[in-house]
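**Student:** Dock chains B, C and D against the given chain A, drawing on the hints supplied.
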Amino acid sequence: MLQTQTRKDRFTLLKKNLSTFWGVYRENTMGIAGLVILLFFALMALVGPHLVTYTGEIEGAEMVLQPPSAAHWLGTDDLGRDVFAGVVVGSRISLLVGLAATVISMVIGAIIGIAAGYYGKTVDTILMRFTDIFLVIPWLPLMLVMAALLGPSLGNIIFVIGITGWAGTARIIRSQTLSIKERPYVERARAIGSGDLHIMVHHILPNVFPLIFANTILVAAVAILSETTLSFLGMGDPTRMSWGVMLHFAFEMGAVSFGAWWWLIPPGVCVVLVVLGFTFIGYALDEVLNPKLRRR
Amino acid sequence: MKMRGYVLRKLGQTVLTIFVVLVFNFFLFRIMPGNPVRILIRNPKISAEALQRITEQFGLNQSKFVQFGYYLRDLFTGDLGHSFVYRKPVLDVIMEKLPPTLLLTGTATILSIIIGVILGVIFAWKRGSKLDVAGLSLSLVLYSMPSFWVGILMVMLFAVYWPIFPIGGMSVPGTYYATIWSQLGSLLRHMLLPTVTFALILIGEYVLIMRNSLLEVMSEDYMLTARAKGVSNRNLLRRHALPNAMLPMVTLIAMNLGFIVGGAIQVETVFSWPGLGRLMYTALMGRDYPLLQGIFLFVTVCVVGANFCADLLYRYLDPRVKS
Amino acid sequence: MTLLEVNDLTTYYKLKEGRVRACEGVSLRLEKGEALGLVGESASGKTTVALSLIKLLPENASIAGGSIKLDGKELVTAAEEEMRKIRWKEISIIFQGAMNALNPVRTVGDQIAETLKIHDKLTDREAWQRTRALFEKVEIDPDRVREYPHEFSGGMRQRAMIAMAIACNPRLVIGDEPTTALDVMVQAQVLQLLQQLREEIEMGLILITHDLSVVGETCDKVAVMYAGQIAEYGPTEEVFTRPAHPYTRALIAAFPDIEGERALASSIPGNPPNLLYPPPGCRFHERCSEAKPLCREAQPRTININNHHYASCHLLDRQVKSCRA
Amino acid sequence: MQSLVSVDQLEVHFAVRTGFMQSMFGKETPVVRAVDGVSFELGKGEILCLAGESGSGKTTTGKAILRLVEPTGGKVLYEGEDVRSYNRLRLRAFRQEAQIIFQDPYESLNPRQTVFSTVAEPLEVNNLCRSLAEKEERVAQALVDAGLHNPRELFLRYPHELSGGQRQRLAIAGALVLDPKFIVADEPVSMLDLSIRAGILKLMVDLRDKKGIGYLFITHDLSLAWLVSDRIAIMYLGKIVELGSADKVIKEPLHPYTRALVSVIPTPRRKVITQQSLLKGETPDPVNVPAGCRFHPRCPEAKPRCREAVPLYREVRPGHFAACHLLDS
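Residue numbers (the working numbering), protein chains in the order written: chain A, 1 to 296; chain B, 1001 to 1323; chain C, 2001 to 2325; chain D, 3001 to 3329.
A few of these clues could be false.
What the hints assert, rightly or not - Pair ranges (Cβ atoms, derived): (1) 2056/C <-> 3300/D: 33 to 43 angstroms; (2) 1115/B <-> 2056/C: 24 to 34 angstroms; (3) 3043/D <-> 1243/B: 49 to 59 angstroms; (4) 2015/C <-> 1129/B: 17 to 27 angstroms; (5) 3127/D <-> 2279/C: 39 to 49 angstroms; (6) 3054/D <-> 2274/C: 29 to 39 angstroms; (7) 2266/C <-> 3043/D: 20 to 30 angstroms; (8) 2142/C <-> 1305/B: 40 to 50 angstroms; (9) 196/A <-> 2169/C: 56 to 66 angstroms.
I should point out that these hints are in silico values taken from the structure, not numbers from a laboratory. Using N, Cα and C, we set each Cβ at its ideal position, and we do this for glycine too.
Bound-form chain A, shown alone (with noise of 0.2 angstroms):
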């Protein structure tokens, strides 16, 4: 896409199309909104677990269950621990769960979907039968299935939601391949002798990738949703405080009944955010890159 001259035309151009995008999506309050609670999550994620203390032991059977309070400001559960500080610390494993999941998915999603896309015929039946088996398995139960056959630990819960989460992505780009391979300039290439790589990367690649962007966002949504649900039904890492962890504790030691909501709304609050900035962000990108919607 940037074969143009030299390094300092590069860096003009990049200006300008990183100028031009922002000029569009400044105008976008959802997107602002999105970006502007995202920045907050991944800050925390960061910083966070180094400015607080969450430990295991119990600090005494008097601050078990606690309302919060000054000294916790969201209570504590029932090992006596700072639920505030857990929201903090599990920030990072459930953003970490989110975003390596969604790599995972985007990388096969896009892959499968550009190469049936493009070569279209025998691979394109073939892959997109293969995605279409994907996409009608009831998702959660596959997971589940998954994660209980492969053990609790972080890096299985990474995978099982990485491989089951790409083939919606699949099918999107699949279908917006198939309108750019038959663009004239994609023919174009061909007549002035681009072979298919050159194709793929300089034609294909560059007019799908503000899609594949734009899915991200809306996958790593869905794959954060995951995590917390995987974990609150128990197929969690029990060492690794995420979101989900701590709602599957606090949900089968009976915060439920025992009215503790400092300790379940926290972490469902951190969740519902984080999701709705991404979905915020991916709703604005789709309106900024596709200028048919940009009207409503």
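**Tutor:** Chains B, C and D in isolation, oriented as in the chain A frame:
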């Protein structure tokens, strides 16, 4: 003729999908390292005859192909194995738990589709208004919530904080109901909270899709034609926009069947609803592999079958789909 | 008798960047049963004029001024309820892409019968009977009324659109590029059909097109639009043989004529202006080979050249000339 | 005139895509006969026009010559060599000399490529430049040749920042940079406004005069064909029905189909269309090609023989070919 070809093709795809799921399932539970059968055999406390029985049942002393044949034979005779926890055939356990699940998911799905479509239409029609913005934001928030967490909030609010509804289950254990009506009333009271939770989870997405789909349709040229023809607003919506806008909804509802299964697992777990979803959670917690595998297969085949029906429905609704 | 009188019609689109002055000060007049051609290049505002006439502008557009009188009745101020009765019964419209202008999930006949039921209050049976008759009139096999748009060929869909447009015997039909996407032969067939129908039922026709020949073929009068304004307006023959505006002249010169000389005409340099920021003075001055300093400063008046032939150009303005002298 | 491209009985048949099940049950797959036995010669520096309605196979013919669509039969000779026998390497070399310009300047340019990249790409793909300076020089020259002055200012622009006419000039520059001898121009002006068409056409004719480029000009517009081309070939349902010098074909057409097409050539000053009888119906689908003469179901002069025998395509008058039974008296 064309229709028959279409049905045949879709049927072929469905059968293929189910076959792949079977192979996948076999692979998952028999071949993968650390698979349950191997764990079973490794159990040092296992008796010699039990080991013999298992070896025979799964054809462990024979080739993988023969094992797969055994597996298929068992499936087609309805033998999904024996549950460790319930000490009963897996299929029996599933059938026992199926009706409560169907009751809950069916009610919630129908409810959410109706409400979702209506709200989506209203928001699209009044796009840009305060109502639209508020509805859209709420839908997005609902869509972003983990399903189980919505359930937990509902229980905390309406069963613990204000104890209006029972905390879970389908009935009060050990109660004798004098009349069918009192039994039904109790059922309704138990059902309300999980149903509403379930519907809330689903509505968000339906509203968003319906609204977008309708907006898209309303910007089409034929809608301009219809307006130019002097069609009244009511008919514009009912006879011109909705038939087109409902098409993506049908696809979505079909695609969502898998999501509904996922929702059922979470909602039933939170509300201790005695259905398939909670059964799966129990199987997971108790590492009851035969049961887990049975539920997974059963649910997948149901969803694949339902998708097949949705495809046929779509074909019926959209005259443009050619075979 | 005057069927339609448009005076000083002005329509703006609101965009984030500002106002798009898509149609400014447009005045037209159409006698009963007359055909008027509205010619212009892409983005010259012709479709905006059409949509303004039936008040079906997109949400971000509105009529900012002027009047539209149909049989003496003012439409600009008419309420939506009233417009709904006028639409199709009095003014109908044929859109460009008939594939998209017909609802894909309803049969073609159903969509035509619907209009008859709405406006002529026909029963279901009568409406379908009329629909079959209309199909015959536009030369489609009436047995195909129950087919869906995708089962029709491009030409047939456009014929069906025409059948729909004349269903309620409107007094004015607006054709927005009705033949553009069609093959030459089918285009000719459709034009011929329109001409026949016009002779049969006395309807006024406003034909919007970028193709001068279509206008020459079917219209009594022509209005040439450029950048949202009418550059020249008059009887077709007169305008095409003695074009007064430099733009019209260039446009006609650019049209290949197999009976003329076999040589490439020169094109008009430059591009039409962006209507967000239209140039001051005459909107054509940047591309005009005869532009004078005045053209850059003042908007030209509309000059009556002779009987019903008008053009907006400083070069034709005697007052301007005499001032100079 | 020396022949640059010579096409002999070119055929392009597509199998209609059917489902897996149908092909498994051995149903016969229908074939679209998009191009069905087309022959013509194009001289060096000649402009030959392929004219016809949509579905006549004119675009497919153009693409098949460049092997952008693989021909299923017949021969294409480029400077005496069979294009169909080319291996990858030779095909690449051929494609440096034979270029294509597409109809829609909005679609034929990659929206994410700058003007420079668009024009430089052919050079890079074929490794034709040793230094950056040389590349810049050649790109700038091609842009100037295509009528885009001050080329260096345009280098970093994107296609959407250009006007329709500029875009088509950019597309032409992308073809010119390789110094082609042969260009297939597929409806190069039909998406452009009338007022900018003439400029593009003039550019193309000038390039022929200056550089001796031969054009296969594909269009549906006969008056345009008459204006720019030396000879015109009229296509109907995958076959050429008539071929001759531009003046002869337009002024003295032989084939009834050509006559019908010529009779509806629009002109702003006279009413020609609405005052005559027209051909009925539309061009049929190339899946079900009529037997005998393909045009007979719509031909106003059809005889019984036309329904049975395929008419011979032959030189009726010197340099003027046609395929019609009515001409074999």
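**Student:** A separate judgement is required for each hint: does it hold in the structure or not?
**Tutor:** How the hints compare with the structure:
no. : hint                                  : result
1   : 2056/C <-> 3300/D: 33 to 43 angstroms : 42 angstroms, holds
2   : 1115/B <-> 2056/C: 24 to 34 angstroms : 32 angstroms, holds
3   : 3043/D <-> 1243/B: 49 to 59 angstroms : 57 angstroms, holds
4   : 2015/C <-> 1129/B: 17 to 27 angstroms : 21 angstroms, holds
5   : 3127/D <-> 2279/C: 39 to 49 angstroms : 47 angstroms, holds
6   : 3054/D <-> 2274/C: 29 to 39 angstroms : 33 angstroms, holds
7   : 2266/C <-> 3043/D: 20 to 30 angstroms : 28 angstroms, holds
8   : 2142/C <-> 1305/B: 40 to 50 angstroms : 43 angstroms, holds
9   : 196/A <-> 2169/C: 56 to 66 angstroms  : 59 angstroms, holds
When the structure is compared with the earlier hints, no violation turns up for any of them.
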